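Given chain A's structure and the hints, the job is docking chain F onto it.
This is what each chain is made of:
Protein chains: 2
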Amino acid sequence: VTPKAGGWSRACFVGLGIGIKKPFTEVIKANIGDAHAMGQRPITFLRQVVALCTYPNLLDSPSFPEDAKKRARRILQGCGGNSLGSYTASQGINCIREDVASYIERRDGGVPADPDNIYLTTGASDGISAILKILISGDGKSRTGVMIPIPQYPLYSAAISELDAIQVNYYLDEENCWALNVNELRRALNEAKAYCNPKVLCIINPGNPTGQVQSRKCIEDVIHFAWEEKLFLLADEVYQDNVYSEGCQFHSFKKILYEMGPEYYNNVELASFHSTSKGYMGECGYRGGYMEVINLHPEIKGQLVKLLSVRLCPPVSGQAAMDIVVNPPVPGEESYAQFIKEKESVLNNLAKKAKLTEDMFNKIPGVHCNPLQGAMYAFPRIFIPSKAIEEAKAHKMAPDMFYCMKLLEETGICVVPGSGFGQREGTYHFRMTILPPVEKLKILLEKVKDFHIKFLEKYA
Amino acid sequence: VTPKAGGWSRACFVGLGIGIKKPFTEVIKANIGDAHAMGQRPITFLRQVVALCTYPNLLDSPSFPEDAKKRARRILQGCGGNSLGSYTASQGINCIREDVASYIERRDGGVPADPDNIYLTTGASDGISAILKILISGDGKSRTGVMIPIPQYPLYSAAISELDAIQVNYYLDEENCWALNVNELRRALNEAKAYCNPKVLCIINPGNPTGQVQSRKCIEDVIHFAWEEKLFLLADEVYQDNVYSEGCQFHSFKKILYEMGPEYYNNVELASFHSTSKGYMGECGYRGGYMEVINLHPEIKGQLVKLLSVRLCPPVSGQAAMDIVVNPPVPGEESYAQFIKEKESVLNNLAKKAKLTEDMFNKIPGVHCNPLQGAMYAFPRIFIPSKAIEEAKAHKMAPDMFYCMKLLEETGICVVPGSGFGQREGTYHFRMTILPPVEKLKILLEKVKDFHIKFLEKYA
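Taken in order, these protein sequences are the chains called A and F.
Every letter in the first sequence is one number past the one before it in UniProt numbering, and letter 1, counting from 1, is 1.
Every letter in the second sequence is one number past the one before it in UniProt numbering, and letter 37, counting from 1, is 37.
Just so you know, these hints were derived from the structure itself, not from any lab.
Small disclaimer: the values here were computed from a predicted structure and weren't measured.
One or more hints might be untrue.
[Said to hold, decoys possible] Some residues of chain F that are not near chain A, with every Cβ distance over 12 Å (derived):
#1 S61
#2 D126
#3 L155
#4 D164
#5 N181
#6 N197
#7 H224
#8 G247
#9 S345
#10 K393
#11 H395
[Claimed, not checked] Here are the computed lysine-lysine pairs in the BS3-like style, where the Cα-Cα straight-line distance is at most 25 Å:
#12 F:K449 <-> F:K355
#13 A:K406 <-> A:K396
#14 F:K387 <-> F:K447
#15 A:K406 <-> A:K458
#16 A:K306 <-> A:K255
#17 F:K69 <-> A:K69
#18 A:K306 <-> F:K133
#19 A:K22 <-> A:K301
#20 F:K396 <-> A:K301
#21 F:K301 <-> A:K396
#22 F:K343 <-> F:K440
#23 F:K352 <-> A:K133
#24 F:K406 <-> F:K458
#25 A:K447 <-> A:K352
#26 A:K306 <-> F:K355
#27 F:K406 <-> A:K306
#28 A:K447 <-> A:K387
#29 A:K406 <-> A:K442
#30 A:K396 <-> F:K306
#31 A:K387 <-> A:K301
#32 A:K133 <-> F:K69
#33 F:K306 <-> A:K406
#34 A:K396 <-> A:K458
#35 F:K458 <-> F:K352
All C-beta atoms in this analysis are idealised placements derived from N, C-alpha and C, irrespective of residue type, glycine included.
One chain only, chain A, in its complex shape (with noise of 0.2 Å):
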């Protein structure tokens, strides 16, 4: 099991030793994707929906708006007792996949959601994995391969190697701002087609931790592929609403598979995921997402909704924020005005600071970073001399880990090694967030760039 992002901060953490004088009053936690944790402020209108959901009485008070109060008593007619406290269908209720389903509908400019195709889940998380436990069948040769981009999130090589499937590895192009390239992954189809049977195709767009946001004619490109291979896609799409490159535009795969006609729509099996925790509204502790799935044979479906039984239902607080996220003030509303202020505040904010740490890391010797065009982290190529190299060796550690061990203890700035996710051999590259505060985050870069010129001096 390879660990998530956050455990190598705990490592760090470790490894720093207690009581030891540092050279830094505060460790910055870059390493994880923590929005409210780097001081970002929750979407009013989220919490008072789920506040007033909590503790029904406030219904009565006249400090909620209107637009809350209607909210609210929605997601409780559709509670059993009209209470959070009790459980929902395994599938999650039906009001919230109801309006998962029209804002699916509305992003994709009207290609019909079927709210019996939505599940909702605890974080994205559990979809992915409970999607991956489906489709993992077989022995030697004919065990279940699953693509996965290189650099990957570390959830896909953990949940593929839990449920003992086949890791099958396509690149992305970095030379390329991190395209997803169809010649590479038939490559890796056609290796992987020895040793396994390759059925499932992950991507993840916007791309973690690479951030680039992938084009129509790519993912046009990917679903014909994915047609001809008789490949699963897994959409996940979780940073959706994070996009900042000018020119970059969220495509849904769900959207393009659509528009490429019946042949596509009527075949190609797709599963695609979103989630509370990121977007404006950083919500990673209620555990709330979904999951769209589209095609699915009647009877895998009986077994899918078997499996999420076990797990009894989603977190219902969360369910009733994923409702938000779906279905936020509308013009007209009393919170609207509020809720578009905060909105723009939050995704400007991280706007801003992508161009910033790219234009920062681009101008540190040794350093190169692809546009951020979405999601919100900085995945930027480090130069490592070969003397440093060697000491790592002889530490028995990664390259790239010994890199960020040093800038954790002389900076107390923690970010995670390339070799979490992956990348090509003799690469290196840290996976940093971009969600301190624009300030901190100012001072955050200068002290990287100081410490990787030292640290070019130092191994020269």
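Only chain F this time, still in chain A's reference frame:
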């Protein structure tokens, strides 16, 4: 994968057909331990604290009591950025794990509990699945065997089947009020050794679906057996607050283990589970829970934390709810009087309904029901005439499934057939919750009685 007890209700509703007129006006879901859905009111204090954590503006509101605000502030201080929206450590928020440890110490008369051994979980099911995942290994004859009571709660059989472990049944003694007999444990273990490697012993106390409360002597015997046979003990103690019968008392495995002396408490590995879902709170939807694991080998502990980190963290509002379960108002605090009134009202009502249910079932010819000493279910044994058994066979149904389907079709009452939990060959049971309000429960029991008498007549 065996469906959960709740899954059965959906199967029923499908079985009922849509639009066909039925001889009842309402379906009564007595199939699942879902207290709020059956009309039980949440504990005010718990919801106040969770609402305050959700929307901290309320900390300035004069309509919330100070003791609730104090709890909320403490929980928020344990959260990154003081927000329920941040990820927590995979093991859960530190100060809540401290509160859990203090609770266990108070409950167990001072037996020490270490917060480091406490893991907050997504309901008890999540903890049970995680521990089983860590403990199961091997192939063929060396495959891990997991001993579970029959009748059992279907989470166990589902998890065992999902993990490809070997289910080793030991039978509870129905003639002796569903007691656990160590001779039967020994029989099951010895037989299992021929085809697997039995390493884990699961206990449910108070029992689900059987409602027995284990005596101190019985627990001592089980612990001695586990020590002798080097079995890992899983103690499912989620009904620890649900004890009704005079002369019965809940004893935790941890406490008895400690009192048996260092030879036992330094050696026996034990995981025990608790939850927000049962007790007097009935907060199933929050998916809150904890497990305490003692004597776990440090390497295995490392694996457990790694495994838990894949799902990032348990839902934070569930963690907050768990905190109030273990840290409720105490005498002298503003909310104490209301809290204790609400708590006792729920528990006294359940005790009344436990007795009522036992008495009414035992008045029905061909039905025998053991005392409901604890938990929240009756599991009566029902006589099914051989003519009915034949008709069930013709429908390719288990006889008790046939019985429960008929009960549902004729009365609208949804209960779960004993075959969903396991029972001795040739005996038939069903599980019914005692959660409906007293007046409704009386009507329900009268309906079951009328149905049963007519059923006996029809198939005489």
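Next item on the list: Of all the hints given earlier, name the ones this structure violates by number, lowest first.
Entry: 1, 2, 3, 4, 16, 19, 23, 26, 31, 32, 35
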